[in-house]
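J.: Chain by chain, the residues:
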Amino acid sequence: MFFGFLTFAQEIITDTIKATDLKDVVITATRTEKNIMKLPVPIIRITADDIKNRGIVRLNEILAEQTGLTIVSDHGQGIQMQGFDPQYTMIMIDGEPVIGRTSGTLELSRITMANIDKIEIVKGPTSSLYGSEAMAGVINIITVKPKDGFRASVATRYGTNNKADISLDASYKNEKISLSAFVNRNSSSGYSLIENSSSPTVVPFSGYTGNIKVGYQINKKSDLNLSVRYYNNLQKNDYVIDNRLVLGDGKESNLNINPTYNINFNAKVKSSLRLYYSRYATKSALNYQDDQTVYDDSYFTQNFSRAEFQTDYSLLNNLKLTGGIGAQYETVKATRYDQLESFNSGYGYFQADYTPLIKLNIIAGGRYDMHSVYKSQFSPKLAASYQLLNNLTFLTSVGKGYKAPDFRQLYLNFTNAVVGYSVFGYEDLAAKLLDLQNARQIQSILINPNSLQRLNAESSLSYNAGFRYAVTPKVKVSVNLFKNNIKNLISTVIIATKTNGQSVFSYLNIDRVSTQGVETDISYAPIKVFQISVGFQYLDAYNRDDVDRIKNGKVYMRDPNTNETKLVKLSDYGGLLNRSKYMANAAIAYNNAKDGVFASLRAIYRGKYGVSDLDGNGMVNMDSEYVKGYTLFNASVSKLLIKDRLRLQFSVDNVFDYKNINFISNLPGRLFYGGLTYSIK
Amino acid sequence: MKSIRKITIGLVLGLLIMAFASCKKDSDTAPVVKADLKVNKVNDLHPPLDAISGLPKGTVYYSLALNKEVKSTEAWDISFSTTTIATSGSVQLADGIFSSYTTAPTSGYVVGNVANWYTYTGTTSVPNHAIFPVSGKIILIKTTDSKYAKVEMISYYKGNPNTSTAAFADLATRPASSYYTFQFAYQADGTTNLK
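One line per chain: the protein sequences are A and B, in this order. Quick note: the first sequence uses this note's numbering, first residue 1, plus one each step. Quick note: the second sequence uses this note's numbering, first residue 682, plus one each step.
FYI, nobody ran anything at the bench for these hints, they're computed from the structure. Glycine included, every Cβ here is placed at the ideal spot set by N, Cα and C. Careful, some of the hints might be misleading.
Some, not all, of what chain A presents toward chain B, calculated at C-beta under 8 Å [stated by the list, open to error]:
#, residue
1, Arg558
2, Lys566
3, Leu570
The shape of chain A in the complex, shown without the other chains (with noise of 0.2 Å):
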């Protein structure tokens, strides 16, 4: 019996790292590692041969292909995930947050591919353990661990518009210690998607990610790692303003550093201490070419630093209890916010994750955070999965995700000397808006800022629910139904308009809105060779004020054929703004391990989404209003030489050519990529 403990007690540690099944575990839903078969919320996960046979290098690639996920454009290529809009979602990277978002959006294409192990993403709300802007959920890309003894490649890949990437990346691992080295470019010409345009849609870029580990193994129960990554872009600006040719560099940078220690106590406890800072920053310089006067010179610099301490205790064989703590200091200076702004922050959070029946798991746990400026949340997540049978298992869970309101929305100065607008944060409104006054530059005050209440954090109360089912071997399927409403939703404001005509904005927590919808999965490989996958995504997002006001016969819109106002329908109501109703994607896989030949083509579908409000009545309804449906084709072919060293790839984006100038700034056409990976092993 005293035996039989003993394997139990080792079960705990190797519980879910079943030794032929590393590749089943998951570390970011729980921050722990979970088998993928129980874990009770929605995942994704892609790994470094998928993307590797697909011909990607950047993240916005894989994650364009990804069902339920697709990419918007807003200052920059973000990612919308059941609904949400790119500010929603965290990205990490071997879970720390990437920080530097334009507008909130995190531009994708920043983050390389050569260096990663695999992509875990989480849906649904994840701020019980990450805190702000986990409301639609997380995308951690892990990166590669070095393995035994010592390795390098060289990967590279060069197609249209000149885009070429090319990585190289060494490392060394033995009982002690482990050292890897990564260098990544990544650069490309621009195009123009209008020909004879006088400056290009996208203007010629090049950058670099390096990347630095050293881990040391203590002793058989502690390690100490170190990452230093380091990423830096610079971009060729090309601009037309008012017929006036305008001409600069913009540079951006981001430097991260992220030392960790990890110590296993014993079988039942082990903890590690995380420490990060994050560096971001950007220069522009852009002067009129004619005169060399300058168009628009400024500078923006984020820091963030962190410290946050979790441990897991394996209370019993069948109870986790998970806790951490943690301290952020982010600091922002730039052009167009007055001074040196600063956050201060603190949190805990704690999980439970309890297995009462082999077939229940229960995950409950929750967050708080204190904040320096704005009120304390707090985000509470209960999700549980069960095993019906043993290839079906159902989840569900519900749980709450937060978004603080972020430096933009509370300190920002900014008035665009071309146009004339302005755009002030909340918290020096008042002030600012006095300014105006006193120097008569103000025509009438919409909404009196003395009247508004303190900027207050987005948040939402998510539902989801879902099943996994393993029809046959061969046939996988899963299921996801989700609903978020989301309050206090902070948008733009008219609060004052200007003698010039313009307008001066403000933030607002004023919106509900609701996102609901379901996703669905489903994989066949009729044999070993073959893999087929289909992912479909059905989606409403609405603004439940809207609806209300449609509701109340209060929203009005014109017949195209009359030009007669007339009421707006439920049935003619859009939505939010770049969201479509029907997604879908799929792909034929043909993995030949054993010749060493990998092709695949996959779909892409995106149904039509509204993006604009012509008639003035604040919201999508006519047909003119949207952006028409689309399907990308994506092909790819690599073969294997020289005992599998040698890798040899061909790939097409958007076979067909599809093009949309007028709306769509991110789709160039066709594409083609040719690479070669060389890897000593």
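Given chain A, put chain B in place with the hints provided.
T.: Chain B only, in chain A's frame:
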């Protein structure tokens, strides 16, 4: 004797008939149901065409009372000049459907131009640079002689075109602007009834 009787009966009958007839007249005037106000639709009202460009230039004046275009020196109620709509009296905007808007407010009228009656798409949406009258807005006018009227702007372009077509979106084929199509109802009796 017989004839006197005939005459008397005739007279009495006549009187009776007259009495009846006048009674009928009374019942005719008892509850009077007022007919709805006539809705006038004005199509393609435009300022005088410039001799060289052939396009409207300047201001056009309209009298709602007379339902016709008038000169600036005559009694006018509403005028149009590019995107400026002015009134000789006072004006306010209300939300609603034109045909179901029945009572004008008695206060809240402001002297000056009609503000915020249109949206301009600029380059942010296709069709670019287009002027669209805001849906659901009714212009209420209190004229110089205190008569009320309701006006709905329908189109800013010649021929009241369908604005969702590709022909409209293309600036080269878009119909000319400053051609005003609108409908109005004018209450001549001075009450606020705009039914």
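J.: Next, verify each hint and record whether it holds.
T.: How the hints compare with the structure:
Below 8 Å, beta-carbon pairs count as interface contacts, and A:Arg558 has one with chain B at about 5 Å; its hint therefore holds. Given hint, A:Lys566 at the interface with chain B, holds; its Cβ is 7 Å from that chain's nearest Cβ, closer than 8 Å. Interface restraint check for A:Leu570: the shortest CB-CB distance to chain B comes to about 16 Å, outside 8 Å, so the restraint is violated.
Of the numbered hints stated above, the single one contradicted by the structure is hint 3.
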